[in-house]
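Given next are the chains, with one letter for each unit.
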Amino acid sequence: MSATSFTFEWFFLGAAVVAAAAYVWFAREDRPEPWRAGSFALGIVLIAGSLNSPLETIAVKRLLLIHLLQNALIADIAPLFLLLGLTPRMRRALPHVRARYALPAWLVAWYATHAANVYDYALRNSWPLQVEHAVLILGGLLFWWPLVSGRLSSPAALAYLGVGFVASSFLGLALIFSTRVIYSYYEHTPRLWGLSPVRDQNLGGILMNGEQTLVFLCAIGFYVWRLLSEEGAAEASSQS
Amino acid sequence: MAVHAVCALGALLFAQAVVRLRRRGRPDLAGWGRVAFFAAGIALVPISLLALDERADENLTWHMTQHVLVGDLSPALLVLATRGPLALFLLPPGVLKPLARTPLRRLVRPKIAYALWAANLAVWHVPALYDAALHHERLHYFEHACWAVAGLLAWTLLLDDRRAVGLRVALAAAMFASSQVLSDVLMFTFHPLYPAYPSLRQQQLAGVVMMAEQVLTLGTLAFVLLRPRIRPFRRTVTA
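Chain order of the listed sequences is L and Y. Going by this note's numbering, the first sequence opens with residue 1, and the numbers climb by one from there. Going by this note's numbering, the second sequence opens with residue 241, and the numbers climb by one from there.
Since the hints were made in silico from the structure, they are not lab data. One should not assume that every hint holds.
Claimed, not checked - Between beta-carbon pairs, the in silico distance windows are:
id, chain 1, residue 1, chain 2, residue 2, range
1, Y, Arg403, L, Val45, 43 to 53 Å
2, Y, Val389, L, Ser196, 40 to 50 Å
3, L, Ser196, Y, Val425, 19 to 29 Å
What the hints assert, rightly or not - Short derived list, chain L residues pointing at chain Y, Cβ under 7 Å:
id, residue
4, Pro155
5, Leu158
6, Ala159
7, Thr213
8, Leu217
9, Ile220
10, Val224
11, Leu227
Said to hold, decoys possible - Looking from chain L toward chain Y, a few residues come up when the C-beta cut is under 8 Å (computed):
id, residue
12, Gly14
13, Ala156
14, Leu173
15, Val181
16, Tyr185
17, Glu211
18, Leu228
In this text the structure is predicted, and so the values were computed from the model without any measurement. Glycine residues also receive a C-beta, built at the ideal position from the N, C-alpha and C atoms.
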């Protein structure tokens, strides 16, 4: 199979259609601002697009690097856009998840799905791979929900993000520093761009670490800015 | 020799400040906890600059360890030990008053202190300058002095209780983000950046050392600053 061929994970294509239809249904009464609708659409496209395109072909048949890119898109970035796309009324309809449960659950999902045996098994069989991707998406939604739901104060959000950033960084570091192939499945796949399995893995770790650094530092920057604004407002009201 | 002299002078100034403040009936501002912090902070200077020096000459990871100890952990401990009124007793009034009137006092403004800290971090990691410092002893001393001064300035702000928590957290976040850029460059590069250190593995580990140390120091500070504000909000939400 050519690297540019399309491969499909039909479940996620179907789930994307259902999610989009549900959003349109709820949006009839609770009209979202254009940026919210755009954010939700982007989240849908990132999930459906990355799992149903040549990206999927390369991820499953050739390179770990692209598989990790796919995982970063569906686990870190797409869930955030999906949740940001919800209107306040839609958010109220969702259950409240405490940060103290969401963070460990996300970390378990992150590390368990990337454990060598689990990862190799999922790649060699079709449905476990889809389960892995579903766990990553649900884990991402669970992680971002306490933040996007607005139930965390700025200091609590900063602590939550700080712990999440540090705790999730070990996987990327392990992939960067490993000199032997962790995922044996990729030892036997045809190579692309002249990357050896170990170099592919190291680059995958770099991509994962770089992406997480960027996403987390942006989120931390947002909450630091919010903390400064709140302190400025409190100071102004105390002076008046 | 210079390291010993600077440490001895620092210890002398700290000791007389503690004695003077205690004699004025304020042992609460010069307690044994402060002495312990100061001892740890000052001990890190010879440990990093003398005990680790030979290893640092041969191994970039150890050189980075040396820099984070002298430029971050040691200044953090020293400022923790001397912050507040004790700092005013470090120097005799005859020296302190004229010093406070010089433009040097502007160095502890947040934007200036951060700019100096970040510029110091960036400039001294330029491969040509890093290499030059390794080959010229005086430049190397100057480099280490720059690390110590930049660290002291930054931590003076970070540990200043008179400043708003948000500002200090923002400064800590900015420092972490800046050093993270350098850590990532060291970790993510596939070729050695510094001619004197041809080992790529050492370079990548140097990036990890830097990141880990900053998580430890700045992370601890952020946790201590934010913790009292997390609990009341939780109660409000639950109620």
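These are the hints, each one checked on the structure:
The beta-carbon spacing between Arg403/Y and Val45/L, approximately 44 Å, falls within the hinted interval of 43 to 53 Å. Here the CB-CB span from Val389/Y to Ser196/L is close to 45 Å, well matched to the stated 40 to 50 Å. Distance hint for Ser196/L and Val425/Y: a CB-CB separation of about 23 Å, consistent with the stated range 19 to 29 Å. A least Cβ separation of about 4 Å between Pro155/L and chain Y falls short of the 7 Å threshold, and the interface hint therefore holds.
Restraint check, Leu158/L versus chain Y: the minimum CB separation of about 6 Å is within 7 Å; hint holds. This hint holds: Ala159/L has a C-beta 5 Å from the nearest C-beta of chain Y, less than the 7 Å allowed. Proximity of Thr213/L to chain Y holds as hinted, the smallest CB-CB distance being about 6 Å (cut-off 7 Å). Using the Cβ-Cβ criterion of 7 Å, the hint placing Leu217/L at the interface with chain Y is satisfied: the shortest such distance is roughly 5 Å.
The criterion of a C-beta within 7 Å of any C-beta in chain Y is met by Ile220/L, whose closest approach is roughly 6 Å, and the hint holds. At its closest, the beta carbon of Val224/L sits 5 Å from a beta carbon of chain Y; the interface hint therefore holds under the 7 Å criterion. Taking 7 Å as the C-beta contact cut-off toward chain Y, the hint placing Leu227/L at the interface holds, the least distance being around 4 Å. At its closest, the beta carbon of Gly14/L sits 37 Å from a beta carbon of chain Y; the interface hint therefore is violated under the 8 Å criterion.
At about 5 Å, the closest approach between the beta carbon of Ala156/L and any beta carbon in chain Y falls short of 8 Å, and the interface hint on this residue holds. At a threshold of 8 Å, the smallest CB-CB gap from Leu173/L to chain Y is about 7 Å, leaving the interface hint in force. Interface hint at Val181/L: violated, since its Cβ lies 17 Å from the closest Cβ of chain Y, which is beyond the 8 Å cut-off. At its closest, the beta carbon of Tyr185/L sits 24 Å from a beta carbon of chain Y; the interface hint therefore is violated under the 8 Å criterion.
A hinted interface residue such as Glu211/L counts as satisfied when its beta carbon comes closer than 8 Å to some beta carbon of chain Y; here the least separation is about 11 Å, so the hint is violated. Satisfaction of the interface hint for Leu228/L is found here, the shortest Cβ-Cβ separation to chain Y being roughly 4 Å, below the 8 Å cut-off.
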